[in-house]
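Asker: Oh and the sequence shown: position 178 is 178 in my numbering, straight run, nothing missing.
Read the hints as simulated data drawn from the structure, not as lab findings. Careful: at least some of the hints might be erroneous.
As the list claims (entries may be wrong) - Pairwise CB distance ranges (calculated):
id, residue 1, residue 2, range
1, 348, 261, 51 to 59 Å
2, 173, 323, 38 to 46 Å
3, 172, 124, 21 to 29 Å
4, 311, 128, 39 to 47 Å
5, 295, 244, 33 to 41 Å
Cβ atoms here follow ideal geometry from the backbone N, Cα and C, with glycine treated the same way.
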Amino acid sequence: MKLHLLAAAAALLLIGGAAGPAAADTPAGQPVQPRAASVEVPAGVSAGVAVFDRRTGTFTEQLNSSTGFRSASVVKLLLALDYLWNRGPDHTLPSADRAWLEPMLRSSNDDAANSYWSDNGGTAIITRMVSRLGLKDTAPPPTGYEGYWGYTALSARDTVTIYRYLLDSAPGPVRDFVMGNLRQSTRCASDRFDQHFGVAGAFEKPWAVKQGWAGSSYETGTCGPPRTATATGTASPAPAAAAGVDLTRPALHSTGTVGAGDRFIVAVFTLHPVGTSYGKAYTDIGRLTRSLNVPGAARPAGWWYGTWSDHVNVRPNPGTDTSPITQLPADVEVLVGCQARGEEVSVPPYTNEWWAYLPQYNGWISNIYINSPDNKMPDVKDC
């Protein structure tokens with residue numbers, strides 16, 4: 001059956017999700033568009049942005065680029081560089097440290113960060129790296145929170161400086177190790193949050209990313225095959241206020257490089273209204289990043305659609321007879337590449353036999369979870 005506009009709206013009331021036609025803040029079916037004339041910051045979001053073109057030596061975007069944000073896991077770049085700093089001349093890594101550093105860079109492992117923070121001097125790491133790299137806006141966590149590496153203050157322009165050091169000045173083994181791991185970023189982080197937002201969702205490879213997220217309103221991570229036990233992220237307090245940076249609003253940051261030869265360095269730091277879900281923040285940083293001026297960078301083809309419900313299974317085929325690849329963050333916007341008929345899915349009183357192919361997941365979700373007025377999305381091609 002077809003979901004008529006009014007019937008779809010009724011589904012919202014019946015099943016408590018955001019089913020049916022897209023709401024005003026989640027347009028139904030946005031084809032990939034040429035970038036906007038300026039950075040598009042979603043309502044309620046505070047952002048610091050810098051995009052640097054290494055070929056021309058110029059910034060193509062700067063917005064609040066010197067504003068300090070709590071770094072969340074982006075500071076793991078500094079933890080890794082501090083450890084690697086004096087390991088020359090060949091920078092050989094003991095296997096035990098490689099086993100910590102690789103998941104810290106690829107999958108944002110917090111246990112590894114905790115270990116390096118406590119073993120190498122905590123806030124002294126930040127002080128050393130500020131001096132070594134000439135960082136202007138970076139500062140250790142505020143008084144009373146010295147044990148929380150994620151409260152390190154970091155700006156978009158300082159993040160560009162970190163990547164410029166890695167790419168242009170660092171010893172070859174250091175550059176290759178760090179950037180090589182960032183190119184192998186896993187979609188599912190160690191704490192089961194989907195970390196392929198921002199740069200990783202807005203651009204086609206080649207890219208390398210180090211992401212960051214922190215917020216008490218973010219639900220438990222759902223990425224990866226469903227399981228009963230859940231991993232936990234960094235246990236950080238939620239102070240009402242602290243000097244220098246906002247430690248209260250949910251943070252979501254995307255940093256890295258885009259294009260052949262790491263031509264562009266992109267740093268996007270965002271804070272979201274208190275209570276924002278992970279899927280909403282994920283969607284908003286995606287829209288912001290897609291608006292950036294990154295000349296010549298390849299952008300994925302398809303249509304952006306909102307979804308409703310949480311723990312939506314992404315399947316390897318358009319049916320429910322195979323185990324899920326992963327699950328989507330609640331109410332997240334996804335790129336749809338095409339659609340096809342498959343197994344009929346029922347969410348009473350509605351049914352739908354159409355499935356959406358999500359190229360960035362290499363998997364399928366039932367169209368019943370897509371914010372669209374009809375069972376078959378009107379603008380999306382058949383697979």
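Asker: Compare the structure with each hint and give your call.
Answerer: Evaluation of the provided hints:
Range check, residue 348 to residue 261: about 53 Å between beta-carbon atoms, so the 51 to 59 Å window is met. For residue 173 and residue 323, the hinted distance range of 38 to 46 Å is satisfied, since their beta carbons lie about 40 Å from each other. For the hinted restraint 21 to 29 Å between residue 172 and residue 124, the CB-CB distance of approximately 27 Å keeps it satisfied. At about 43 Å, the beta-carbon gap between residue 311 and residue 128 stays in the expected band of 39 to 47 Å.
For residue 295 paired with residue 244, a C-beta distance near 34 Å keeps the hint of 33 to 41 Å intact.
Checked against the numbered hints given earlier, this structure breaks none of them.
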